[in-house]
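Going line by line, the protein sequences match chains A and B. Start counting the first sequence at 1; every next residue gets the next number (the working numbering). Start counting the second sequence at 1; every next residue gets the next number (the working numbering).
Hint data in this document are derived by calculation from the structure and do not stem from the laboratory. One thing to keep in mind: the hints can contain errors.
As the list claims (entries may be wrong) - Just so you have them, the derived chain A footprint on chain B, three or more residues with Cβ under 8 Å:
1) 19-29
2) 59-66
3) 174-188
What the hints assert, rightly or not - Pairs of lysine-lysine, DSSO-like flavour, derived with a Cα cap of 30 Å:
4) A/K89 - B/K185
5) A/K89 - A/K142
6) A/K73 - B/K185
7) B/K185 - A/K142
Idealized CB from N, CA, C, for every residue including glycine.
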Amino acid sequence: MIDKRMASCREAVADIPNGARVMIGGFGSSGIPLRLIEALRQHGAGDLTIISNNAGVAEEGIASLLRDGLVRKIVCSFPRSAGSVWFEKRYQEQSVELELVPQGTLSERIRIAGAGIGGFLTPTGYGTRLAEGKETRVIDGKGYVLEMPLHADYALVRAAQADPWGNLIYDTAGRNFNPMMAMAAQVTIAEVDTVRALGELNAEQVVTPGIFVNRVVAQERQHVAA
Amino acid sequence: MLRLNPEQMAQRVAADIPDGSYVNLGIGLPTKVANYVSGDQQVIYHSENGILGVGPAPATGQENPNLINAGKQHVTLLPGGCYFDNAESFAMMRGGHLDIAVLGAFQVSERGDLANWATDNDQFPPAVGGAMDLAVGARRLFVMMRHNTRDDQPKILEACSYPLTGAGVVSRIFTDLAVIDVTPKGLQVVELFGDNRFDEVQAVTGARLLPPV
């Protein structure tokens with residue numbers, strides 16, 4: 001019987017090793033798996049590569065991983081939000097490496113990793129500094145840059161509802177990067193508000209099919225019949 | 001010379017947004033444009049994190065922490081609006097489905113090159129967000145910026161000195177002095193605000209302008 005629920009965030013992240021490549025869903029303050037990130041911080045795996053749109057603000061989320069010196073590299077489109085003090089500090093002291101990726105290229109690189117595509121040609125960034133050193137092609141007079149898939153060992157995602165099979169439904173703009181990240185990692189761990197019994201989610205509304213999700217942790221302890 | 005204030009600039013940009021357009025407003029100055037699109041016009045706003053049909057800010061206490069725009073501000077969803085993931089959101093841009101994007105800029109060149117994501121100040125880490133995708137993807141790219149920097153340097157130049165966001169991507173430039181189109185012939189002035197004279201505007205511009213016809 002398939003039941004992907006785990007009792008705690010701590011248990012869900014316990015096997016993440018030093019040096020892991022970890023995708024973390026979210027955009028700004030929206031759709032971030034904050035409890036999983038906190039469990040990862042306490043778990044203490046270091047030398048991490050973090051793939052996420054932002055680099056965290058204040059002491060929360062990715063910022064707490066940067067503060068504790070657990071991050072070696074960050075792959076990101078917009079690391080410099082108001083209050084992203086820990087990223088700025090680690091960047092300035094050169095203890096964290098930054099790979100800056102245009103936002104649509106970031107989400108597409110993640111999506112194609114999950115979809116088994118070996119690369120794609122995008123007009124984004126053509127003729128700019130972010131395309132330097134990359135293969136380019138001109139097709140019908142328009143310039144394109146070859147971008148490669150972005151895989152991860154783990155993805156930490158946030159959704160509103162799940163079922164024991166790991167099907168996910170999101171809340172409003174909290175969806176953002178979460179569905180692609182769920183596809184692109186070897187192990188995807190979902191933090192959700194509520195776990196419903198099998199058959200209770202509206203199958204037409206499922207955004208992330210459970211095949212992409214390995215572990216589910218509910219926000220509050222929920223006891224539902226599987 | 002007459003220099004429009006940011007509210008007047010926003011009003012002028014809004015006047016060029018056709019009814020029924022799908023529009024992305026960049027962070028900062030461009031977000032003001034939404035305040036001036038007339039009530040009998042229907043314009044659908046796109047937010048790159050994954051929203052079409054972005055509505056106004058919610059009443060205090062009604063905020064949903066997940067429902068934010070690209071500027072990370074709390075917003076609402078209009079009836080008919082919808083949500084989607086980030087990859088689909090950027091497919092809308094690159095795929096040419098967005099009618100207009102309005103972006104701020106540090107510099108624009110006479111060929112329509114846009115520089116708006118990085119200066120050469122190494123003190124700060126770079127951040128690009130969705131600017132490069134919007135620049136290449138929107139069918140028409142409007143730039144909304146002051147004509148000159150705070151220390152009176154021109155921002156419209158023969159070539160950008162800052163790193164490019166996109167090459168040859170700008171359609172129309174709205175400054176506080178004039179409206180200027182990027183055309184194959186060069187930078188065509190289409191409107192001078194108030195009594196601003198062509199030669200006065202040319203004198204504070206770093207590239208050759210074509211006079212209004």
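To see whether the hints hold, each was checked on the structure:
1. 19-29: violated (count 0)
2. 59-66: holds (count 3)
3. 174-188: Our answer is that it is violated, as 0 residues pass the Cβ test (under 8 Å) against chain A, missing three.
4. A/K89 - B/K185: Outside the cut-off at roughly 47 Å; violated.
5. A/K89 - A/K142: With Cα atoms ~39 Å apart, A/K89 and A/K142 exceed 30 Å; violated.
6. A/K73 - B/K185: violated, 46 Å
7. B/K185 - A/K142: holds, 20 Å
The structure is inconsistent with the numbered hints 1, 3, 4, 5, 6, although it conforms to all the rest.
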